[in-house]
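Asks: This is what each chain is made of:
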Amino acid sequence: MSEVKKPEMTKKAGKEKDNSIRVVGNPPVVKAQAQQSEIQIQIGRQLRTVYDDVLNQPIPDRFMELLQKLDTSKK
Amino acid sequence: MTNEPQKPDVADSSSIKADMIAAIPSLRAFAVSLSGNADRADDLVQETLVKAWSHLSSFQAGTNLSAWLFTILRNVYYSEYRKRRREVADSDGAFAAQLSQPAAQNDHMDFLDFTAAMQKLPPDQREAIILVGASGLSYEEAAAVCSCAVGTMKSRVNRGRNRLAELLSSSPAAQKIIAKAG
Chain A
1 MSEVKKPEMT KKAGKEKDNS IRVVGNPPVV KAQAQQSEIQ IQIGRQLRTV YDDVLNQPIP
61 DRFMELLQKL DTSKK
Chain B
1001 MTNEPQKPDV ADSSSIKADM IAAIPSLRAF AVSLSGNADR ADDLVQETLV KAWSHLSSFQ
1061 AGTNLSAWLF TILRNVYYSE YRKRRREVAD SDGAFAAQLS QPAAQNDHMD FLDFTAAMQK
1121 LPPDQREAII LVGASGLSYE EAAAVCSCAV GTMKSRVNRG RNRLAELLSS SPAAQKIIAK
1181 AG
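Protein chains in written order, with the working numbering: chain A, 1 to 75; chain B, 1001 to 1182.
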């Protein structure tokens, strides 16, 4: 007997939310989305692999020498 | 960024030098990711350090030195990039060979495919996904480094990631991933 909730009540007047924008040419298929997100995960991993590998390498001597030289040549 | 009291612009050179040394690993990582070539990356870093040193007076003490150096590095990269635009990216594996632990094999995306695809991206998108996706900068910080709006940075990251996915989707390794995810 309770009143049926009207969907309109939860809707802001005149405001249509559009979450449906998708990349053109990418059919809205769940499977395709799963594939895409798996690819994105791999992309993120590859990016960090390259970056972190170099980040963790010791600083080459050439840069220590360079800064030493710059520092002493100043003043 | 810092709680030091206001000081004259130029910090003393030995502390700057120490900060620069501390920034070198991330500069190199940025440069390698950006240029896709380890030798060239170190030349970029070298030039960045020299430039930075000669423009120390324009660095505001107390602000983020790494961000400042990143900005210089990308400027150096772009002025070179314009000169070398037609140069073919490293495709013979020389870059991969220089990495201490040749990246992800087998099930993962082929590393050379990935490096090649990165180099096919427009450079603004490439740097955006590196700064945000690998350097761990916030969108705001990355936008500051590239002197663009935060919204612009976000859209570059999105477009870059989509384009990369597109480029990589055709590679055999990615097909395997797709088969698995499907």
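Keep in mind that the hints were calculated from the coordinates and are not lab data. Please read all numbers here as calculations on a predicted model, not as lab measurements. Check before you lean on any hint, since a few could be wrong.
What the hints assert, rightly or not - Taking CB as the label site, the calculated pair distances span:
| hint | chain 1 | residue 1 | chain 2 | residue 2 | range |
| --- | --- | --- | --- | --- | --- |
| 1 | B | 1051 | A | 32 | 41 to 47 Å |
| 2 | A | 59 | B | 1166 | 24 to 30 Å |
| 3 | A | 32 | B | 1075 | 35 to 41 Å |
| 4 | A | 64 | B | 1039 | 14 to 20 Å |
| 5 | B | 1057 | A | 58 | 27 to 33 Å |
| 6 | B | 1158 | A | 65 | 38 to 44 Å |
| 7 | B | 1060 | A | 68 | 30 to 36 Å |
| 8 | B | 1062 | A | 32 | 46 to 52 Å |
| 9 | A | 34 | B | 1124 | 27 to 33 Å |
| 10 | A | 44 | B | 1124 | 16 to 22 Å |
| 11 | B | 1051 | A | 33 | 31 to 37 Å |
| 12 | B | 1170 | A | 45 | 35 to 41 Å |
As the list claims (entries may be wrong) - Straight-line distance between alpha carbons at most 16 Å, and here's what the computed EDC-like set of lysine to aspartate or glutamate pairs gives:
| hint | chain 1 | residue 1 | chain 2 | residue 2 |
| --- | --- | --- | --- | --- |
| 13 | B | 1154 | B | 1113 |
| 14 | A | 69 | B | 1047 |
| 15 | B | 1051 | B | 1080 |
| 16 | B | 1120 | B | 1166 |
| 17 | B | 1154 | B | 1141 |
| 18 | B | 1017 | A | 53 |
| 19 | B | 1017 | A | 61 |
| 20 | B | 1120 | B | 1140 |
| 21 | B | 1017 | A | 65 |
| 22 | B | 1051 | A | 53 |
What the hints assert, rightly or not - To spell it out: a stretch of chain B is covered by chain A in this simulated footprint if at least three of its residues, at any positions, have a beta carbon under 8 Å from a beta carbon of chain A; those stretches are:
| hint | segment |
| --- | --- |
| 23 | 1065 to 1079 |
| 24 | 1133 to 1139 |
For each residue, glycine too, the CB sits at the ideal point set by N, CA and C.
Asks: Please go over all the hints and tell whether each is borne out by the structure.
Replies: For each hint, the structure was consulted:
1. 1051(B) - 32(A): 41 to 47 Å: holds (46 Å)
2. 59(A) - 1166(B): 24 to 30 Å: violated (37 Å)
3. 32(A) - 1075(B): 35 to 41 Å: Hint holds: Cβ distance 39 Å, inside 35 to 41 Å.
4. 64(A) - 1039(B): 14 to 20 Å: Holds, at about 18 Å.
5. 1057(B) - 58(A): 27 to 33 Å: Holds, since residue 1057(B) and residue 58(A) (Cβ atoms, about 31 Å apart) stay within the stated range.
6. 1158(B) - 65(A): 38 to 44 Å: About 42 Å separates the Cβ atoms of residue 1158(B) and residue 65(A), which means 38 to 44 Å holds.
7. 1060(B) - 68(A): 30 to 36 Å: Taking Cβ atoms as reference, residue 1060(B) and residue 68(A) lie about 25 Å apart, which means the hint is violated.
8. 1062(B) - 32(A): 46 to 52 Å: holds (49 Å)
9. 34(A) - 1124(B): 27 to 33 Å: holds (29 Å)
10. 44(A) - 1124(B): 16 to 22 Å: Because 19 Å falls inside the window, the suggested range holds.
11. 1051(B) - 33(A): 31 to 37 Å: At 45 Å between Cβs, range violated.
12. 1170(B) - 45(A): 35 to 41 Å: Given about 19 Å between the Cβ atoms, the range is violated.
13. 1154(B) - 1113(B): violated (25 Å)
14. 69(A) - 1047(B): holds (14 Å)
15. 1051(B) - 1080(B): Answer holds: residue 1051(B) to residue 1080(B) is near 14 Å, not above 16 Å.
16. 1120(B) - 1166(B): holds (11 Å)
17. 1154(B) - 1141(B): holds (12 Å)
18. 1017(B) - 53(A): Violated. Residue 1017(B) to residue 53(A) sits at ~24 Å, over the 16 Å cutoff.
19. 1017(B) - 61(A): holds (15 Å)
20. 1120(B) - 1140(B): Distance of about 25 Å is beyond 16 Å: violated.
21. 1017(B) - 65(A): holds (12 Å)
22. 1051(B) - 53(A): violated (26 Å)
23. 1065 to 1079: With 0 residues closer than 8 Å to chain A, the segment 1065 to 1079 of chain B misses the three-residue bar; violated.
24. 1133 to 1139: Coverage by chain A holds for the segment 1133 to 1139 of chain B (3 residues, Cβ < 8 Å).
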